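Put chain B on the given structure of chain A with help from the hints.
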Amino acid sequence: MLRLEKRPEPSGAMRLASPLIAAVAMLLTGLLIFLILGKNPVEAFQVFFIKPLNSVYGLGELLLKTTPLLLCALGLAIGFRANVWNIGAEGQLIVGALAGTGVALAWGETESSWILPAMLVAGVLGGMLWAAIPALLRTRFHTNEILTSLMLVYIAQLLLAWLVHGPWRDPMGFNFPQSRLFEEWELLPILWNGTRVNIAFVFALLLVAASWFFTRKTHAGFRMQVSGLAPAAATYAGFGSARNIWLALLISGGAAGLAGLGEVAGPIGQLQPQISPGYGFAAIIVAFVGRLHPVGILLASLLMSLLYLGGEQAQMNLALPSAITGLFQGLLLFYLLAADLFVNFRLRIRTVAGAA
Amino acid sequence: MTTDPIIAILVSTVVAATPLIYAALGELVTEKAGVLNLGVEGMMLIGAVAAFAVGLTTGSLALGYLAAIGAGVLMSLIFGFLTITLQTNQVATGLALTLFGVGLSSFAGRPFVGQPITPVPALDLPLLSDIPLLGPLLFKYNLVVYGSIVLFFAVQWFLTRSHWGLLTRAVGEAPGVAHAIGRPVALVRYAAVMFGGACSGVAGAYLSTALTPMWVESMSSGRGWIALALVVFATWKPLRVLLGAYLFGGVTVLQLYAQGFGLDVPSEFMSMLPYLATIVVLVLICRDGKIILLNQPAALGKPFHPDL
Chain A
1 MLRLEKRPEP SGAMRLASPL IAAVAMLLTG LLIFLILGKN PVEAFQVFFI
51 KPLNSVYGLG ELLLKTTPLL LCALGLAIGF RANVWNIGAE GQLIVGALAG
101 TGVALAWGET ESSWILPAML VAGVLGGMLW AAIPALLRTR FHTNEILTSL
151 MLVYIAQLLL AWLVHGPWRD PMGFNFPQSR LFEEWELLPI LWNGTRVNIA
201 FVFALLLVAA SWFFTRKTHA GFRMQVSGLA PAAATYAGFG SARNIWLALL
251 ISGGAAGLAG LGEVAGPIGQ LQPQISPGYG FAAIIVAFVG RLHPVGILLA
301 SLLMSLLYLG GEQAQMNLAL PSAITGLFQG LLLFYLLAAD LFVNFRLRIR
351 TVAGAA
Chain B
357 MTTDPIIAIL VSTVVAATPL IYAALGELVT EKAGVLNLGV EGMMLIGAVA
407 AFAVGLTTGS LALGYLAAIG AGVLMSLIFG FLTITLQTNQ VATGLALTLF
457 GVGLSSFAGR PFVGQPITPV PALDLPLLSD IPLLGPLLFK YNLVVYGSIV
507 LFFAVQWFLT RSHWGLLTRA VGEAPGVAHA IGRPVALVRY AAVMFGGACS
557 GVAGAYLSTA LTPMWVESMS SGRGWIALAL VVFATWKPLR VLLGAYLFGG
607 VTVLQLYAQG FGLDVPSEFM SMLPYLATIV VLVLICRDGK IILLNQPAAL
657 GKPFHPDL
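Protein chains in written order, with my numbering: chain A, 1 to 356; chain B, 357 to 664.
These aren't lab readings, by the way, just hints derived from the structure by calculation.
Hints are not guaranteed to be accurate.
[Stated by the list, open to error] The calculated lysine to any residue pairs, modelled on SDA-like cross-linking and capped at a C-alpha distance of 20 angstroms, are:
1. Lys646/B x Leu136/A
2. Lys658/B x Glu5/A
3. Lys39/A x Lys658/B
4. Lys646/B x Lys6/A
[What the hints assert, rightly or not] Covered stretches of chain A, going by a simulated chain B footprint (3 or more residues, C-beta under 8 angstroms):
5. 166–173
6. 283–296
7. 316–330
[Said to hold, decoys possible] Ranges between beta-carbon positions, derived for each pair:
8. Gly470/B x Ser55/A: 33 to 39 angstroms
9. Trp107/A x Leu632/B: 52 to 58 angstroms
10. Trp185/A x Asp644/B: 50 to 56 angstroms
11. Ser113/A x Gly470/B: 44 to 50 angstroms
12. Phe437/B x Ser113/A: 56 to 62 angstroms
13. Asn175/A x Thr413/B: 34 to 40 angstroms
14. Pro231/A x Pro540/B: 26 to 32 angstroms
15. Asn54/A x Pro622/B: 24 to 30 angstroms
Keep in mind that this is a model prediction, so the values were computed, not measured.
Every residue gets a Cβ at the ideal spot worked out from N, C-alpha and C, and that includes glycine.
Just chain A, same shape as in the assembly (with noise of 0.2 angstroms):
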């Protein structure tokens, strides 16, 4: 009989293990799924993994779609680790997109160099505010903030949605819903010719070194750490917890407008109603694949970026669902959390003596 035993100590190698575990699961269930819906796996396999590679632009695009996800998981993972569950991400980076188009439209098209640090401070805040609120009814109502987090991602798409239908709509736009397009000098930079690849991208990154020193060598961040791990020796050690709620969703909100603004500023160029096809969501799945971890998170957000790009290649080569990413997501977070078992337990074969 099998029997789950538990390890004397979690296993650091299966730690690292799982993610890679998991990974190779998707991809197995993923080459079933191709074969069910009769495509060739091989090259449904070429189109889906290889092929957005295949070009400097296709690079581009990867670090490009990398970028929000990566800026979220970060923020998301400062939480997740204090057991400070915010999952409005989504919402944060529509509120940021809105906050920083806001301050470009409330500037008008007149050229200032100022005008695009002025929109990034915005974005930042506008996340920062919109997490405010869950944190602000957790700490003072005791509110649960994954479902308050979660209603503000509805609110937040209906006021983007009012906003572009409405007081921002394009004068000029043909009855679009969209505003106006952003001037050159309200765009972020393009680090690379031939990409879309823009300077959000070197913020996320100083972001993970960031997130690193955070966790590693500051106090705030050991602090949040031990709420995590052992709530009732945080309370003992005076570690209030309010203090850690506040931090991991302005930090994560912050991170998340910050995303926002990248999109609008950044590849889309203006204010629309869809723009982010759930970054803010499959962040989560990204924070638990990077397992919290700023480098992990890293080649996590690098993964569910591929898987982005190929689901949209696979829409145009395959006339298969560009749905099919969120599957794959999902699969992907399931085959974690399920391998995850075997850093703490190990399987046995036991013999049962007598009844069992």
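Same frame as chain A, but now just chain B:
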């Protein structure tokens, strides 16, 4: 008498509340067993697409509902296997279930986008529905709506009067004790999780075959999450789930009638109402943390492993 606007509003309130009742009562039983399943939204979407696909291709809505129940149970079994057998974090696994459900349902529902389906017919009971006021108010719904009331009484009876119901509550309060006296904790939790999945499946089926008879990607638009909030709002009591669901149904319906009342508010703001109401209600209920803790199942969200 159906022209009477107040009757019309009350009727649409009941109609809008029905999916919330199913999903929230299912989750209530799950949570009573100590399991927090945040995957309600995902299970609802899978239920919605399953009912629509099977209902449309076979022409039988009854088969569609069976498929939705089966799909909801299958989804909940994934969750149960991970959290109960493999001891994974319930919050993370529930989120995964929702994300998976959103992806899988939009993938599976692709061929059905934009197709019409004949909705579940309303029962038009000859004599009863002709009674003034009461007739249209009480006797003109479809079977699924009446089913939600039956489900409420069944859950109420189950949790307070039946042996298995008491066992379920015991497992949610003190799994260690239940295990020590030889009760099958894992089995009870699996059963509760599957019940929640079945109910979410029906809730989803109702969305795609009765409330708006069509399939649209992510059509549950947060109702699964509102159902989760309802359970907290109800402080884990079935009657309050029922009342809460009608309250939310009423809020949802208000947006439809706003224009009729001459309210000149952009429709987007009216559509925000259910989500805003959820937040406000949560604040009102959770303000006093002690009340929530008093009623919340003690082992909610905590994995149980007999060897630990």
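Taking 26 to 32 angstroms as the hint, is the beta-carbon distance of proline 231/A and proline 540/B inside that range?
The hint (26 to 32 angstroms, Cβ to Cβ) holds, given that proline 231/A and proline 540/B are roughly 30 angstroms apart.
Does the Cβ distance between asparagine 175/A and threonine 413/B fall inside 34 to 40 angstroms?
Taking Cβ atoms as reference, asparagine 175/A and threonine 413/B lie about 39 angstroms apart, which means the hint holds.
A range of 44 to 50 angstroms was offered for this pair. Does it hold for the Cβ distance of serine 113/A and glycine 470/B?
holds, 49 angstroms
For the region 316–330 of chain A, count the residues whose Cβ lies under 8 angstroms from any Cβ of chain B; is that count three or more?
Per the Cβ count (9), the hint holds.
Taking the beta carbons of tryptophan 185/A and aspartate 644/B, is their distance inside 50 to 56 angstroms?
holds, 52 angstroms
Pairwise hint evaluation, lysine 658/B against lysine 39/A, where the allowed Cα distance is 20 angstroms at most
Violated, because 43 angstroms separates the two Cα atoms, which is more than 20 angstroms.
Can you tell me whether the CB distance of glycine 470/B to serine 55/A sits inside 33 to 39 angstroms?
holds, 35 angstroms
So is the region 166–173 of chain A in contact with chain B by the C-beta rule, three or more residues under 8 angstroms, or is the coverage claim wrong?
Answer violated; 1 residues pass the 8 angstroms Cβ test.
Regarding tryptophan 107/A and leucine 632/B, is the given constraint of 52 to 58 angstroms on their beta-carbon distance met?
violated, 31 angstroms
Going straight from one Cα to the other, do lysine 658/B and glutamate 5/A come out at no more than 20 angstroms?
holds, 19 angstroms
Verdict for asparagine 54/A, proline 622/B (Cβ pair) under range 24 to 30 angstroms
Given a distance of about 46 angstroms, which is not inside 24 to 30 angstroms, the answer is violated.
Proposed proximity, leucine 136/A with lysine 646/B (alpha carbon, max 20 angstroms)
holds, 18 angstroms
Of the numbered hints listed earlier, those contradicted by the structure are 3, 4, 5, 9 and 15.
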